[in-house]
Amino acid sequence: RLCTKCAKDYNPAREEYEEIASDFGKKTFEAVGPKYESDMVMKAPGNCEMCSGTGYKGRMGIHELMEGTPTIKRKIKKKAPTEELFETAAKEGMTTLKQDGILKVFQGYTDIREVRRVCIT
Numbered sequence: 005r006l007c008t009k010c011a012k013d014y015n016p017a018r019e020e021y022e023e024i025a026s027d028f029g030k031k032t033f034e035a036v037g038p039k040y041e042s043d044m045v046m047k048a049p050g051n052c053e054m055c056s057g058t059g060y061k062g063r064m065g066i067h068e069l070m071e072g073t074p075t076i077k078r079k080i081k082k083k084a085p086t087e088e089l090f091e092t093a094a095k096e097g098m099t100t101l102k103q104d105g106i107l108k109v110f111q112g113y114t115d116i117r118e119v120r121r122v123c124i125t
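In the working numbering, the protein residues as written are 5 to 125.
Take the hints with a grain of salt, since some may be wrong.
[As the list claims (entries may be wrong)] What follows is a list of derived Cβ distance ranges for each label pair: (1) G72 <-> K9: 39 to 47 Å; (2) R117 <-> M54: 15 to 23 Å; (3) C52 <-> E91: 41 to 49 Å; (4) E91 <-> V122: 17 to 25 Å; (5) D13 <-> G97: 28 to 36 Å.
[Stated by the list, open to error] With a Cα cut of at most 30 Å, we get these calculated DSS-like pairs of lysine-lysine: (6) K95 <-> K31; (7) K102 <-> K61; (8) K102 <-> K47; (9) K102 <-> K31; (10) K39 <-> K77; (11) K31 <-> K83; (12) K108 <-> K31.
To be clear, the hints were calculated from the coordinates, so they are not data collected in a lab. Small disclaimer: the values here were computed from a predicted structure and weren't measured. C-beta atoms are modelled at their ideal positions from N, C-alpha and C, and glycine is treated no differently.
Using the sequences and the hints given, assemble the complete structure.
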């Protein structure tokens, strides 16, 4: 979590926004993410005594949940490869850890650098 006392507002460049959308998955991001606007505001870590100069204070979870739909259950029973399960779950609306983190970036809870640091893919 960004420190609520010192987090700084900034206006992201269009290029940064496009890079984040690409990390999310461009097609999916267009459906669920915010649209770019020239006055868009995001947060960046600051530096204060409350956070010991790190810009972060506290933690929050990012989550990934694969719903046990009939299709997913069938694939699990048939011992489908992980990639196939993931592909099916994504088509059925699953949000990955990184995607959940990116949504929290746009909500002002954290920054993209931290999401990239903690997410493998």
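Okay, the hints, checked on the actual structure:
no.	hint	result
1	G72 <-> K9: 39 to 47 Å	42 Å, holds
2	R117 <-> M54: 15 to 23 Å	20 Å, holds
3	C52 <-> E91: 41 to 49 Å	44 Å, holds
4	E91 <-> V122: 17 to 25 Å	24 Å, holds
5	D13 <-> G97: 28 to 36 Å	31 Å, holds
6	K95 <-> K31	12 Å, holds
7	K102 <-> K61	20 Å, holds
8	K102 <-> K47	17 Å, holds
9	K102 <-> K31	15 Å, holds
10	K39 <-> K77	35 Å, violated
11	K31 <-> K83	29 Å, holds
12	K108 <-> K31	18 Å, holds
The structure shown violates just one earlier hint, number 10.
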